[in-house]
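**Q** Residue numbers (numbering that gives the first Met the number 0), protein chains in the order written: chain A, 0 to 148; chain P, 0 to 397; chain H, 0 to 783.
I should point out that these hints are in silico values taken from the structure, not numbers from a laboratory.
Where a beta carbon is used, it is the ideal one built from N, C-alpha and C, also for glycine.
Treat each hint with caution, since some may be false.
Calculated pairs, PhoX-like style, for lysine-lysine (alpha carbon to alpha carbon, straight line, at most 25 Å) [as the list claims (entries may be wrong)]: (1) H:353 to H:225; (2) A:3 to P:302; (3) P:302 to H:125; (4) P:293 to H:125; (5) A:140 to P:302; (6) A:3 to P:204; (7) H:225 to H:275.
Away from chain H, derived, C-beta distances all over 10 Å, residues of chain A [unchecked claim]: (8) 43; (9) 54; (10) 58; (11) 141.
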Amino acid sequence: MLFKDLRKGLSVTLKYLFTHAVTCQYPTQRLNVPERGRWLHALNLHEESQKIKCIDCGLCEEVCPSKCIEIIPTENEDHTKSPAIYNIDLGRCCFCGLCVEVCPELAISMSDKYELAGYDREKFVFTKEDLIKVGIEYNNKLQKKEGAL
Amino acid sequence: MNKTYVVENEREVIVNMGPQHPSTHGVLRFVVKLDGEKIVESDPDVGYLHRGFEKFAENMTYQQFMPFTDRLDYLASMNNNFAYAMAVEKLLGISSQIPKRAEYIRVIMAELGRIASHLVWLATHALDIGAMTVFLYCFREREYILDMYEMACGNRLTYNYIRIGGVARDLPDGFLDKLKEFVKLFPSKVKEYHTLLSKNRIWLKRTKGIGYISKQDAINWGIAGPCTRGSGIDWDLRRDMPYSVYPELDFEIPVYHNCDVYDRYLVRMDEMIQSNRILEQCIEKIPDGPVMMKDSPYVWDPKEDIMKKNYALMKHFVKVVQGIKAPPGETYFGAENPKGELGFYIYSNGEGVPYRMKIRSPSFINLSAMPVMLKGHYIADIISVIGSLDFVFGECDR
Amino acid sequence: MEKKVKIKINGKEFEVDSEKSILQAARENGIYIPAICYSDRFGAIGACRICAVEIAGMKKPMLSCAAKVKDGMEVTTNSPALDQLRREIIYEWDTFHPLQCGVCDKSGECELQNINYEFNITENPKEAQTDPLSIPQGTIHYEWKIIHHDANLCIQCRRCVAVCDKVVNFGILALVKKDGDRKEIDTKDGKPLDCEFCGQCVSVCPTGAMSSKLFKYKARAWEMEKVPTTCGFCSSGCQMDLNVKNNEILRVTSEEYTPNMANLCNLGRFNYSVSKSDRLIKDYSLNSKTLNQEAMLLELSQILKNTPKEKIFGISGARETHEDNLAFKMFFNNTLSNNNIDSLSSTHIGKLYKYLPQSVNTLYDFSDISDANLIICFGGDIANEMPRIDWSITRGAKLLKTSKVISAYWKDTKIDTLGSIPLRYEPGRELDFLTSFAFALKSEGYGAGLDGLDSLTGSEFDVSSIMEEVKKASNIAFIVCQEALERSNGEEIAKAVSNIALLLKDKIKVYASSKYNNAFGALYNNYGSSNEFSIQRLLEFAKEGKIETLILLNADLFSFLSDNEAKIVRDSVKNIVLFDTFESKTSLIANAIVPVPFFTSQSGTFINAEGRVNKINKAIECNVPCAWEFLFKLSTNLGYNLSSAKLQLKDKKITLNGPADKIYTINTNSSVKGDGEFVFIANYSKFRTSVYSGYGEGAKLAQSQSVLHISKEDAQRIGLNDGDIANIEANGASIALPVKIDEQMPKSVLAAQLWFENTNPYNITGGFNNLVRANLTKAQGGLK
């Protein structure tokens, strides 16, 4: 009677006119990515020698379900192995995190950069140098956070 | 694709609701033969999102296939992970060795997934019928769930969190507190949705009596999940073929008997409340302990072991590259997904990759019953029925 | 038929041969027993002990690899006690095994990884009890060539020692005591590894201790695709798998079920880089101008149309596939309507099979050599010519102990270490041995009733030491080496060999060795059947102006003629058309060059010395069409359509035609060319089957240049030391070679190897001849 159902519904919506907005005003306001966030990959370096941790065991390449990692190994002068070329094609990557899980050297981790849009498909292939840069930035950030705690 | 549709008399018109359509919940092509506005015959045409998952499964190791299961029903990825992990564990014979804490975490994640999936269902169903506000309110609630997921595993839509033998990582600090807050808040929100929709005259006019499928037809066509419970069939795999820790939890199964769209709506609304109830119990009952099986040939070893012990590193290489060697045999496992029964049939011939995997997808089977539900309705009712069946094409086409 | 016995394994009854071991019996019937150090290639070693099984009635577990089956035996392959025993052994292997799985090349196919997974090892009490400082660091041999040894990864199963000793018969590896109670695998004399570099030790090592330096860190084992093919270096025809990634061959492996039992020589296993050598011919060229395929077809058609058909001649190098070889013959016989072709098989096996009667010229499998009671190896160093025959002889004499070996040559060679009966003739006097042997056989009553038997005469050479063995033996393998047939009196040698074969008709199997991989294929296609032209008459025909256009298919003139003779051919012939894969001295002087693919980029067949038709499969892409495709297009341009259906070979094994039974009269007047103090012989190196085989890494590292073998006394007399350069002159020409003192060389004999880039021994011996009398002087100054 007298649109009781409609009045009741309207009262619910009117209530929300006077409450706080729940939306986050991106891009001026950005939410924190939690610590376990799985976004852009980062290649880590050893702390003392600044050499790349990756020894090219080939596991990340083999376990990747999208087959987006390409590695070409090389032998160093001290008979150790490291990657000459380490490419991740982000156009194929599904950000599942299996590569991080199988790495026996903790050489690869996932940082918190999620703004990865671009204009060129070729630019989606991140090379070893790009990934090392991401790693340095992210590890510095983590150390600062740890220092602040 | 090459099927020809024949018009019988001059009044009939064949209309194509093409794969690109805002209301078909994915890429569904629906061909209807209309007499004026009444539907004479209808025919769903699927396959536009086919990605060949079953073929992939023949080349991926069991652990490697987990991210693919995320992408089946992408609105409730945790439930897919759960069903697949349980199917493989049944094949390997280790179902009783999963640590208790891991089982509870899996159930928490699955029930959160059920709520998340039903929220999207309600949002899109209501949106298609015309109630835009409900869409935004449901997505607001879903954000709480997605935030919790992101805390636990790192991603918001495709999680790859549940592993064969347990879960990937333990719950982070603060997860259970957030869950408690959500569980307290949620029932009032569901009440709001009821206020907005359940007695609304437009809603009742658009959903009552529409999409009728009798109890016998529902059984004959093989549909499962909330669609059958709306037709009076009292069947839920969590209670009738129990798995994981569901026997220890106390919950009800809502069943309604009018077999139409409105009843299916009521079933799902009640299911959300019941899932909330399960979550409350899980928070109380969750024990401490490990979250992954230890020292099993079927489980990847933890990182500290791989980095320090040579035998663990050797086994790690064999498990990742050659895959875990399942004993030869076959198995089927069905789990109660928000959309129905998701089943995995796996046939193994002793190698590290399955020989054949068949995925019984609930959406595919539910969708096949649509022509029965649409007999004698108008074209606008297609949208209501699509909403009530709640299918997702990632799952339907695999 | 072997005796069969009944045994019980795990409660089930089986019937097996009485000569088998328990492990072999179990494997035949699908029962799994873990075993690391056993292999069918070299039998049981008993080092790993993980194959132990329990036998009813015996107190201690027995090693199933060594224990033979007995009637009524009851075997249990798994029990808690056996499981504990096996775990103890695995704990021992795992103790301080370096965590190198990430970098070790064996990851993915490592037997230690597999066995750790199989037994689900979750602890290592042995390692917890041992002090890490008490174990010294093992040696890593970075200084060895081609093969890399890391003693820290070794589990001391001694498979490498067994394979080097019992299969390859070189025996350089041994378990050597090092300081501090530690034992390691090392060379017996401690010097850096200097061996045949066959890589059998690498193929057999269960961990990454023995690995290939050429493959180090190139790719992971699971990333590569295996393409089965047949080796294209010599006519052993070993089956191997090319491991390919990204259109590049990264290594070569072989499986144990192949006829060559996973054995490969240095060329087969390590020389694959020749397929991506920068000396591959890539473009068609005419008089140094590059053309495309259509232009080349037009130009060649013009050249051939303008030459009178009887003045077009063709030489096949016996290295191409059967399809190319047959297409070449069809081109000449049908399109050009002449038979002016011959192949390089006519310089050696062609001579033999021309005379060997049909009743004794069957081509047998090499595995029959291992089963023979008596192996007579005549005329060459078979280990340097065809390694696969060398392994078969070793298997028969050393492993199965069924065969006795007679080595008939002018010096001691590798097979003499098997305890052979030596028959030493002077180089050039092969016919002395052969005629004496035939005469002795006739005197013993063999060959009664044969046509021409009375013409057999003997010589002073004494063969009495072997006649007992010959009479006793029921199954004789007679191996004729290429070096003997390549002598200038090779035809007489062939006739003498065929006499011997006919006399021992019912119990002899004749094998001929060839370093040309498809020589038997060329024989099968009837090359050398022309009555007018043969390859030995090439020079004569050229000088008489009978050749206007010469087409060479995979043949290098400088590999069978001297530099001067090749120059004469070049100057007398108007057009030389060369179909070849690699740059060579001939490609520098040819008018028209047509590139053809290497065997790794082509599908087809080779016919090996067993007469088997072996398939090759395309492993890497190359944009050059096969020779037969080009020849067919050329033939169509010349107005004759050839059908490719005729190129197919349906049989798995071929037979050759031969003449009727007849004893030949041998002309023993052998005139050795030249005069000089020394006898110089141009023979073969294990590491070259052709000049282009030296373009690959494996062969180059193993031996980079031809060396002059000289006896110690002669070297001291002339004042030569290892590495000095010596000049050898004969017939008005001279060559310079570095010296290597070889204790097995007889006095006044010199030998150098063919087909190296530093010199061409045919310059002093002349083409179609490999023995000459020469003078030796020390060169002044350094390398020329």
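**Q** All the hints need checking, so say for each whether the structure fits it.
**A** Hints, verified against the model:
1. Simply put, residue 353 of chain H and residue 225 of chain H have alpha-carbon atoms about 40 Å apart, too far for the 25 Å limit, and the pair is violated.
2. Annotation: proposed proximity of residue 3 of chain A to residue 302 of chain P is violated, straight-line Cα distance about 62 Å (limit 25 Å).
3. Taking the CA atoms of residue 302 of chain P and residue 125 of chain H, the gap is about 23 Å. The hint holds against a cut of 25 Å.
4. The hinted pair formed by residue 293 of chain P and residue 125 of chain H meets the criterion: a straight-line CA distance of about 21 Å does not exceed 25 Å.
5. Restraint check: the Cα-Cα separation between residue 140 of chain A and residue 302 of chain P comes to about 23 Å, which is no more than 25 Å; the hinted pair holds.
6. Between residue 3 of chain A and residue 204 of chain P, the direct Cα distance comes to roughly 16 Å. Compliance with the 25 Å bound is thereby established for this hinted pair.
7. Between the alpha carbons of residue 225 of chain H and residue 275 of chain H the distance comes to roughly 18 Å, so the proposed pair stays at or under 25 Å and holds.
8. The beta carbon of residue 43 of chain A sits about 15 Å from the closest Cβ of chain H, which is more than 10 Å, so the claim that it is off the interface holds.
9. Non-interface call for residue 54 of chain A relative to chain H: violated, since the shortest CB-CB distance, roughly 5 Å, does not exceed 10 Å.
10. Look at residue 58 of chain A: its CB is around 8 Å from the nearest CB on chain H, not clear of 10 Å, so calling it non-interface is violated.
11. With a least CB separation of 25 Å from chain H, residue 141 of chain A remains clear of the 10 Å interface cut-off, as annotated.
Hint compliance for this structure: hints 1, 2, 9 and 10 are not met, and every other hint is.
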